[in-house]
Amino acid sequence: MATVQPHQVRAGRGVELGLLVLALAIAVAGYALVGLGIDGSVPADVIGYAAGLTGLAVALHLVLRWRAPYADPVILPVAVALNGVGLAMIYRIDIAYEARDKAAGFAERQLGWTAISVVLAALVLVLLRDHRTLRRYTYTAMIVALGLVVLPLVPGIGQSINGAQIWVRLGGVGMQPAEFAKIALAVFFAGYLVTHRDTLALAGPKVLGLQLPRPRDLGPILIVWGASLAVLVLERDLGTSLLLFGLFVAMLYIATERLSWVVIGLLLFVGGAVVAATAFPHVGARFDAWLHPFDQEVFDRFPGGSGQLVRGLFGLASGGLFGTGWGAGRPDLVPYAESDFVIASLGEELGLTGLLALLLCYTILTERGLRTAIGVRDGFGKLLAGGLAFVVAFQTFVVVGGVTRLIPLTGLTTPLLAYGGSSLVANWVIVALLLRISDEARRPAPVVRAVLTPEVGTPVASGARANGSGSAGPTGGDQPTERIEGLS
Amino acid sequence: MSELTITLLRLGYLALLWVLVLSAISVLRRDLYGTRITDRRRANRAAAAPPARPQPAEAVAAPAPAAPAPAPVRTPRSARSGSGPRKLVVTEGPLRGTIVPLGTAPVLIGRAPSCTLVLDDDYSSSRHARVFPQDGQWFVEDLGSTNGTFLADQRVDGPIPLPTGTPVRVGQSVLELQR
Numbered sequence: 057m058a059t060v061q062p063h064q065v066r067a068g069r070g071v072e073l074g075l076l077v078l079a080l081a082i083a084v085a086g087y088a089l090v091g092l093g094i095d096g097s098v099p100a101d102v103i104g105y106a107a108g109l110t111g112l113a114v115a116l117h118l119v120l121r122w123r124a125p126y127a128d129p130v131i132l133p134v135a136v137a138l139n140g141v142g143l144a145m146i147y148r149i150d151i152a153y154e155a156r157d158k159a160a161g162f163a164e165r166q167l168g169w170t171a172i173s174v175v176l177a178a179l180v181l182v183l184l185r186d187h188r189t190l191r192r193y194t195y196t197a198m199i200v201a202l203g204l205v206v207l208p209l210v211p212g213i214g215q216s217i218n219g220a221q222i223w224v225r226l227g228g229v230g231m232q233p234a235e236f237a238k239i240a241l242a243v244f245f246a247g248y249l250v251t252h253r254d255t256l257a258l259a260g261p262k263v264l265g266l267q268l269p270r271p272r273d274l275g276p277i278l279i280v281w282g283a284s285l286a287v288l289v290l291e292r293d294l295g296t297s298l299l300l301f302g303l304f305v306a307m308l309y310i311a312t313e314r315l316s317w318v319v320i321g322l323l324l325f326v327g328g329a330v331v332a333a334t335a336f337p338h339v340g341a342r343f344d345a346w347l348h349p350f351d352q353e354v355f356d357r358f359p360g361g362s363g364q365l366v367r368g369l370f371g372l373a374s375g376g377l378f379g380t381g382w383g384a385g386r387p388d389l390v391p392y393a394e395s396d397f398v399i400a401s402l403g404e405e406l407g408l409t410g411l412l413a414l415l416l417c418y419t420i421l422t423e424r425g426l427r428t429a430i431g432v433r434d435g436f437g438k439l440l441a442g443g444l445a446f447v448v449a450f451q452t453f454v455v456v457g458g459v460t461r462l463i464p465l466t467g468l469t470t471p472l473l474a475y476g477g478s479s480l481v482a483n484w485v486i487v488a489l490l491l492r493i494s495d496e497a498r499r500p501a502p503v504v505r506a507v508l509t510p511e512v513g514t515p516v517a518s519g520a521r522a523n524g525s526g527s528a529g530p531t532g533g534d535q536p537t538e539r540i541e542g543l544s
Numbered sequence: 376m377s378e379l380t381i382t383l384l385r386l387g388y389l390a391l392l393w394v395l396v397l398s399a400i401s402v403l404r405r406d407l408y409g410t411r412i413t414d415r416r417r418a419n420r421a422a423a424a425p426p427a428r429p430q431p432a433e434a435v436a437a438p439a440p441a442a443p444a445p446a447p448v449r450t451p452r453s454a455r456s457g458s459g460p461r462k463l464v465v466t467e468g469p470l471r472g473t474i475v476p477l478g479t480a481p482v483l484i485g486r487a488p489s490c491t492l493v494l495d496d497d498y499s500s501s502r503h504a505r506v507f508p509q510d511g512q513w514f515v516e517d518l519g520s521t522n523g524t525f526l527a528d529q530r531v532d533g534p535i536p537l538p539t540g541t542p543v544r545v546g547q548s549v550l551e552l553q554r
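Chain order of the listed sequences is D and C.
In terms of my numbering, the first sequence opens at residue 57 and continues consecutively.
In terms of my numbering, the second sequence opens at residue 376 and continues consecutively.
Just chain D, same shape as in the assembly (with noise of 0.2 Å):
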């Protein structure tokens, strides 16, 4: 038993403004030094370009002002500032693109993107009053997130792109539905979890040390444990068939706090993974190219080789500590250098040090999304905080590590930094989604006056009740409890 004094809780509504400033500085700041990089010019648009961008941050803060007013201060200015950041980086990839006259136009489509993500964000926070709304749709949720996972095997709307079946096209405007659906799956994950988590927890054998779950209560996760491996494997997709099975084990965990689950997840996981590698020659490739990239064997291998990913960590290599500066270094050599691999190419223009504060800005929004979990009072609204904050930090993980090399490269887009329509909306739509509940967390419970009781049995004046401190009042409540002693 612990008691725990929270401090007074500001707005932070100015924290955030001023932080939205330095945001804005670098975003508009990185677009001005591609022009100065590439050629020795700020670019003409310049102003109109930094116009655009204030005027959305800014209607985002106003409308945080008017509907989460207790919302948290540093989520909205680390997610303009990565947002600009991968718009600076698109759009000076664009130009290299442009001069070796490879399809080019990423910039304009991203910054369009940009803008519809922000209204969407906003309608979010203006339509959604409560997050505890979404409970409602928890079965909803699960349809239209399975609904949505397997949307790109429908013949006719769903595309398959570098071997991978998870697009869909429709109407011209190509999107990848697994990014809405981790949404879905989060909220689908914590309305089923907060009602059945006891169950989940406690019941069931005990082997090894390890709390087992009756069978009868896995039904809804096997379901979901299949459709991830549905996804690896009829759509071929790694990455997102690691994202929403991690998810899935995250929001386990966090309900239930068994280890078990963790265990449990990752041995299936591992199973599958190992299944798939030797069953699939194109998750095998993944394998091979993570493994031994430098064969020039695999290097040279099409498609499934490592050349993507070794000429990645040439890039990364030629950043160095400092990095080339912007529109100094050769990024669009690697393939996909404006989505995929936006890592290497920000690592290689702004080296070691610019990519690890851009870490420290996914390691802040996530660490805002937990502490978010941990405020707010209603299961429901932690569960979906630590799933969504959690759904950043491993996306995050997947891209990185799949980029530097730790873990096998999966096709997956850094949150907020790549280009790539669904992600932007989807992940500010999370960005939004944790704002909501970080206001619910943040908020200062409603003062309840104390009923004034005649004390009973004190005859005593007060005037002999002596006080240590001498003060009297509010203050009395800042003194420390009483020590009380045993007999040393």
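To be clear, the hints were calculated from the coordinates, so they are not data collected in a lab.
Among the clues, some could well be false.
What the hints assert, rightly or not - To give a feel for the contact side, a few chain D residues facing chain C, derived at Cβ under 8 Å: (1) VAL71; (2) ALA85; (3) LEU89; (4) PHE378; (5) ILE420.
Claimed, not checked - Derived coverage of chain D by chain C (criterion: at least 3 residues anywhere in the stretch with Cβ under 8 Å from a Cβ of chain C; other residues may be distant): (6) 74 to 84; (7) 123 to 137; (8) 397 to 409.
On a predicted model such as this, the values are computed, not experimentally measured, just so you know.
Glycine included, every Cβ here is placed at the ideal spot set by N, Cα and C.
With the hints as your guide, set chain C onto chain D.
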């Protein structure tokens, strides 16, 4: 543009990134260090130190009376230092061995969690008795308890002076002032 300017801009941008990170962290610092957590169990385990006497220490855990006195009266120095008693010791009962250091504040004894000394005793009332200093002298006073407070086998009615070393019976517990 000169090489120097480019280098400065390059490093300046990195510095700007870190300024954002560090200022965000400094905003969070309050969150990391601002909450004061008092582990009652540990505090009491340290307090109930003698291993020979495993006392139910939890029962002792009690915050000071919530409402401070509206008009505090300074006790003379002699009550705080010098010859006056320094501690209230439980000599019998389930809490035997517990010491309450005496300051200038009254000590409330009873079963209510708001008491200074919380007794886990069916024979005591929720707010049973009070020991308080006045004019350099400690007094004991019964707060209308069911089973009464006894000072050396004499039932306590009004506030009466409590000499050092005289046993006071509250329910099943016996307390006394010690130097």
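Going down the list of hints, with the structure as the test:
no.: 1; hint: VAL71; result: holds (6 Å)
no.: 2; hint: ALA85; result: holds (6 Å)
no.: 3; hint: LEU89; result: holds (6 Å)
no.: 4; hint: PHE378; result: holds (6 Å)
no.: 5; hint: ILE420; result: holds (5 Å)
no.: 6; hint: 74 to 84; result: holds (count 6)
no.: 7; hint: 123 to 137; result: holds (count 5)
no.: 8; hint: 397 to 409; result: holds (count 3)
Checked against the numbered hints above, the structure violates none of them.
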